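Peer 1: One-letter residues, chain by chain:
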Amino acid sequence: MPLLTIDHVTVAFGNGPRKLVAVDDVSLTVERGEFLCLLGPSGCGKSTLLKVVSGLLAAHSGRVTLDTQERRDGLESVMVWQEPTLIPWRRIDDNVALSLELRGVPRAERRERAVEALKLLGIADFAAYFPRQLSGGMRQRAGIARALVADPRILLMDEPFAAVDAQTRRILQEQVLMLTQDLHKTVIFVTHSIEEALLLGDRIAVMSARPGRIKALIEVEFPRPRDPHIVRTARFQDLEEHIWDLLRGEAARAELET
Amino acid sequence: MNTPAPSLPAAVAPDATGAWRARGMRMLIATAPVAGALALWQIAAVTDVIDRSFFPPPTRVLAKLWELIVTGQMGPNMAVSLQRFLLGFLLGAVPGVFFGLMMGWIKAVRLVLDPIITIIYPIPRIAILPLFLVIFGLGSPPIVAITALICFFPAVVTTYAGVRGLDPNLPAMARNIGASRLQVMTKIALPASLPVMFAGLRLSLGLALTGEVAAEFVAASNGVGAEIWRSWQIYRIDEMYANIVAISAVGVILSYVLLEVQRRLLSWDEGVELTK
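First to last, the protein sequences are chains V and E. The first sequence lines up with residues 216 to 473 when you count with the numbering used here. The second sequence lines up with residues 2 to 277 when you count with the numbering used here.
Read the hints as simulated data drawn from the structure, not as lab findings. Hints may contain errors.
[Unchecked claim] Subject to a maximum C-alpha distance of 16 Å in a straight line, what follows is the list of computed EDC-like cross-link-like pairs (lysine to aspartate or glutamate):
#1 V:LYS430 to V:GLU465
#2 V:LYS400 to V:GLU246
#3 E:LYS188 to V:GLU316
#4 E:LYS188 to V:ASP309
[Claimed, not checked] If you anchor each label on the Cβ, the simulated ranges turn out as follows:
#5 E:VAL113 to V:ASP240: 20 to 28 Å
#6 V:ASP397 to E:VAL262: 28 to 36 Å
#7 E:LEU259 to V:HIS399: 51 to 59 Å
#8 E:LEU259 to V:THR220: 51 to 59 Å
#9 E:GLY76 to V:SER350: 37 to 45 Å
#10 E:THR32 to V:LEU271: 49 to 57 Å
#11 E:THR32 to V:GLN348: 32 to 40 Å
#12 V:ASP222 to E:LYS108: 31 to 39 Å
It should be emphasised that the depicted structure is a prediction, and the values quoted were computed from it without experimental measurement. Glycine included, each C-beta is placed from N, C-alpha and C at the ideal position.
All chains, full assembly: derive it from the sequences and hints.
Peer 2: Have a look at this one:
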């Protein structure tokens, strides 16, 4: 049984003639340790689908089931948000260890585990800083560290690099690639960047413009552990072109609608 | 990626004497106008340019204040005024903060209280004093009641605004990471509304002290406000000034204490420096 099963999920907002179908009859499965990318034009419902998986939003119909036979402590799913969403009055380590604090873990252990996670992202030196003292990229790293500390069954990432500059973005992509490979995390990653999806994903679910449906499921053939330099290979660029062909019409449609 | 800079390089670090000089300069600029005005007043009063019976020179006011303190007249009056004020502040600001939080967090409370507060808010609270005199009689109870009433509104309105101004993503984030509803309140909503809440408390403090003194004019025979009123009636102008100075000093000190508490509690908040 796959770790996560999304079964005929439909999400709609509003009623009557103004009813807006954001996600239309989507079915997907995610295996343990898999990195699945949800790729689509803006407004295609990919973030909405992620919110349904996380339980932040209820589906109109259909269901999401998580296989919980394998017993473990901790949370089922945790979100990495588009904005870092750090608490401004808390030091970085106290932000990162929030999930432990909520579970009543003592402070010394909390900070220790926060620093471990911050080390993985290369910002352990900033543990005692406040969020406003950090750059956008570092804040986003802290947001990722917070999700790692919470150690969920499944990590949900909602365009986590959309708000950082191009170079930082590249560095963060490489970091997430290495981290998720090393830690064998199950991840659903929402993005509108084809390159990002190809670099990070084991599979890519390409979504159509609203109402969001799965238009194609693409297996990404690049072996793991993956080297970030694959983006320069001809095969990568071919795949990028192929996906763009799938998406071009959808992106144009999405733009006309908004 | 930037590396942390625990200490500034020597070249840009301000040398100690320079820093002190800059600080001294700021103090001078801040105090000079006040000192100048007092000096002018003093000179004008002793040279009879202004009428000394209305505007006694500052030195005489200070001498009078000192006299009131050492003869033991000031102490009991100040004590009773402070007692009324602090009790009123407590009885007004604490429920104000409480209801402000409840309005922000619980929709039902908001729906009930919002229209009531909107209607009562524009009424000048001091206008209700005669009603309190009818209910409580003369003395401390009506003064405490009017002080509490004056404190309540700024506290409730600003606390409510503080909760409403919360970044809506933070509660969602906390919930997602395992926080209970109660934990969202104690760990996110409450600390997030503290800066605005403190701004409301400072506003309350100033207004309430004014109300307390004004209430003492008519409703009490003791207290600094009553003393100010009495010295006017019996035409002891320097005594009136001395009492005004005393109660003003109390206002400045209380406001400073509150600001200091806020600064310690909210060192993370950039706005704290700006509001000083």
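Peer 1: Could you run down the list of hints and mark each one as holding or not?
Peer 2: Structure-based check of each hint:
1. V:LYS430 to V:GLU465: Given that 16 Å is the threshold and the Cα spacing comes to 10 Å, the pair holds.
2. V:LYS400 to V:GLU246: OK: LYS400 of chain V and GLU246 of chain V at ~11 Å, within 16 Å.
3. E:LYS188 to V:GLU316: With a Cα-Cα distance of about 10 Å, the restraint between LYS188 of chain E and GLU316 of chain V holds, given a limit of 16 Å.
4. E:LYS188 to V:ASP309: Answer holds: LYS188 of chain E to ASP309 of chain V is near 12 Å, not above 16 Å.
5. E:VAL113 to V:ASP240: 20 to 28 Å: At roughly 43 Å between Cβ atoms, ASP240 of chain V and VAL113 of chain E fall outside 20 to 28 Å, so the hint is violated.
6. V:ASP397 to E:VAL262: 28 to 36 Å: 47 Å, violated
7. E:LEU259 to V:HIS399: 51 to 59 Å: Holds, since LEU259 of chain E and HIS399 of chain V (Cβ atoms, about 53 Å apart) stay within the stated range.
8. E:LEU259 to V:THR220: 51 to 59 Å: 56 Å, holds
9. E:GLY76 to V:SER350: 37 to 45 Å: For SER350 of chain V against GLY76 of chain E, whose Cβ atoms are near 57 Å apart, the range 37 to 45 Å is violated.
10. E:THR32 to V:LEU271: 49 to 57 Å: 56 Å, holds
11. E:THR32 to V:GLN348: 32 to 40 Å: Cβ of THR32 of chain E to Cβ of GLN348 of chain V: about 34 Å, so the range 32 to 40 Å holds.
12. V:ASP222 to E:LYS108: 31 to 39 Å: 34 Å, holds
This entry does not satisfy hints 5, 6 and 9, going by the numbered hints stated previously.
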